[in-house]
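Engineer: Read off the chains here:
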Amino acid sequence: MKVKYSYLEEQFRDYPAIFAKIARVVETGDYTLGRAVAEFEEKFAALLGAKYAVGVNSGTDALFLSLKALGVGPGDEVITTPNTFIATVGAIVAAGARPVFVDVTDEYVMDPDLIEGAITPRTRALMPVHYAGVPGDLDRILALAQSRGLPVVEDACQAIGAAFHGRCAGTFGITGAFSLHPLKNLNVWGDAGIIVTDDRDLRDRLALLRNHGLRNRDEVDLFGYNSRLDTVQAVVGLHLLQDFDRITATRIKWANRLDEALSRLSPRVTVPARRPHKRYVHHLYMVQAQDRDQLLTFLQARGIEAKVHYPIPLHLQRASAHLGYQAGDFPVAETQARSIITLPVHQHLSEEQVDYMIEMIREFYR
Amino acid sequence: MEVKYLDLPPQFADPQLLQEIAGLLKDCRFILGPAVARFEEKFAQICGARFAVGVNSGTDALFLGLKALNIGPGHEVITVANSFVATAGAIVAAGAQPMFVDVGPDYNMDPDLIEAALTPRTRALIPVHLTGNPADMPRLLEIARKHRLFVLEDAAQAVGAAIGGKPVGSFGELGCFSLHPLKNLNAAGDGGVITTNDEELYWRLQRLHNHGLKNRDEIEFFGYNSRLDSLQALIAAHRLQQLDEVTRKRLDHARRYDGLLLGLADDVVLPPRRPGVRQVFHTYVVQVRDRERLMSFLAEHGIETKVHYPVPIHLQEPCRRLGWRPGDLPETERQSQRILSLPVHQDLTEAQILHVAETIRQFYRRR
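Taken in order, these protein sequences are the chains called G and B. Under the working numbering, read the first sequence as residues 1 to 366, first letter to last. Under the working numbering, read the second sequence as residues 1001 to 1367, first letter to last.
In case anyone wonders, no lab produced these hints; they're calculated from the structure. All figures in this text were calculated on a predicted structure; none of them were measured in a lab. Don't take each hint at face value.
Every beta carbon over 10 Å from chain B, so not counted as near; a handful from chain G, in silico [what the hints assert, rightly or not]:
| no. | residue |
| --- | --- |
| 1 | T60 |
| 2 | L70 |
| 3 | E107 |
| 4 | Q294 |
| 5 | P331 |
Pulled a few chain B residues facing chain G out of the computed Cβ check, cut under 10 Å [what the hints assert, rightly or not]:
| no. | residue |
| --- | --- |
| 6 | L1024 |
| 7 | H1211 |
| 8 | G1212 |
| 9 | S1226 |
| 10 | P1310 |
| 11 | E1317 |
The C-beta atom is built at its ideal place from N, Cα and C for all residues, glycine as well.
Take these sequences, add in the hints, and give me the full structure.
Structural biologist: As structure tokens, this is what we get:
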């Protein structure tokens, strides 16, 4: 039996329905910041319970533009975690600031106990990552940020729909950054991202920054960037938004099934603790496994496309050499990097496929 | 008769294109897939360059080009102020300072003014092939070589333009193009391309535009996310097949206007022409007397015209904060009061062109 990691072909089998909607854009030639972008922004903000949303070119740019809108730049430090996708750190570096890492918890997210120790006089923002769709410990992070007067930019790129005590991840910080990359839970047909905020001034600033700083066609308020959500992609996003609750519910269902079965394999498989006040959206379903590399090969040989997100933490990448970190600095993230494995958990799996994965993992440890 | 400045719908309503997009939706390789590689190859070919890298926009083509050349804080880049704001925006985004020089009667960088603008911090020239008319690349290159400056061509408006048969984008270290929906070669959203003959720059650009990734798991250096979407690459590749036809029609229309508007002396100054140069008329810009009234008069007769651009970049708010003042670039400023872009797109009819020219003549006869 094959269990594929990517499901895009199945997901977009109904593309003629989306074509019909794109045809309306083609009829009007409304390609740049067109009506569909405004409509998508409005619906996305409503979905999250935020006041405003600003569509941009990518999740990376959602982070980068958030930092720029806050005035973060050279000489500043931004605190984040080392087990994220490179773009989190890339956005900090692109803004001219220095990334400062803190280690993670058993849930793969920023350890709130360690933040205080990483704050320096140059710290200008906290960037917790809701990694894998796991909401961070937002009450404690927010309390600390407030007491230190630091803004929080939430990297919610993998966490659309995740929630903490019923409130959506991305709406706690001054901004929340989301990705709509084809491999995300809510996805479009290319690069795209979106920022949510409740702050009117920040919204206006972000709208300027993403479109060359243009106040109108002819007048420039500030030098900005070109980072717009394509109208065509907004149309795709609007179409998928209708299906979003079902997508998330299905992922949660398969994750729960895996959780239950795999926790019986403890200690060979460690399922992260699940906390009742958190809603996990399982962008990546990650457990820790003994003999991970052999398990990976074993599963792949049996048609199961398991993956590792990611084998090398950011502080040990060659690109980070100038930051001066070394192996051992973040023991939890480093240990996890050696044992994490990501299993397919997408909305196009069948129960049979999920059970097959469980059976194969059991067989490996037998 | 209605004459729209641009008519996008007919350009994309093509069943063949829909089929190609349907093909993409069967394999769903939306990010840096074979569609991008195929487009890059064809684009490099028409530009006479060894390599091309698709990126997210024309702005990013310039920005990433500067980054690939290690231009940043503490550096100055010489460019012109009559371009779209993105030219200067890309320089500022890279952390460098834009230094503007004035333009000649051809709307392009005046090579005679460059040496006076040089400082020890100058690292590069960004000439803009404004309107689709190539800047004087042989002279600019000579000056650049003499002073060891890099040259990035802002060819956002000039795909297909050439000097002595040599395409723009192949003169400098890097050629930076836009595929914005309003360009001669366009996608259905933001897109850009960088051309180069330098293998090492190509290698750096490939990493810079994709997070600095060497492979899925290893990062060479921190980069950016600025990829040409496969979807847009597919559309641009499709439109590339029609580029010669598009350019030919724009050239025909420009020649037609030239003939029909001849003899209006100072009322209407026609675009400059130089022998051996292929202009592609992204815009057909004339300088006119009494511009605002002429624009209204044309609008009353159903004719959409534009001004590219009424406020030069050096007089925009962020540059005024840097100390730029009216009078600093007299020719640029004078032109900005007089320039007018007439519709010149490929879907114009002979009757529409006659209507535009006749209405302009009528305007000046009345007075």
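Engineer: Hint by hint, say whether it matches the structure.
Structural biologist: Each hint tested on the structure:
1. Residue-level check failed: G/T60 sits 4 Å from the nearest beta carbon of chain B, not beyond 10 Å.
2. Residue-level check passed: G/L70 sits 17 Å from the nearest beta carbon of chain B, beyond 10 Å.
3. The claim that G/E107 is not at the interface with chain B holds, since no C-beta of that chain comes within 10 Å of its own (minimum 22 Å).
4. With a least CB separation of 18 Å from chain B, G/Q294 remains clear of the 10 Å interface cut-off, as annotated.
5. Residue placement check: G/P331 keeps its beta carbon more than 10 Å from all beta carbons of chain B (closest about 20 Å).
6. A hinted interface residue such as B/L1024 counts as satisfied when its beta carbon comes closer than 10 Å to some beta carbon of chain G; here the least separation is about 8 Å, so the hint holds.
7. A least Cβ separation of about 5 Å between B/H1211 and chain G falls short of the 10 Å threshold, and the interface hint therefore holds.
8. The interface hint given for B/G1212 is met, as the beta carbon of that residue sits about 6 Å from the closest beta carbon of chain G, less than 10 Å.
9. Annotation: B/S1226 was flagged as interfacial toward chain G, and the flag holds, the nearest CB pair being 8 Å apart, inside 10 Å.
10. Below 10 Å, beta-carbon pairs count as interface contacts, and B/P1310 has one with chain G at about 5 Å; its hint therefore holds.
11. Because the beta carbon of B/E1317 sits about 6 Å from the nearest beta carbon in chain G, less than 10 Å, this interface hint is met.
Going through the hint list in order, the structure does not satisfy hint 1, though it satisfies all others.
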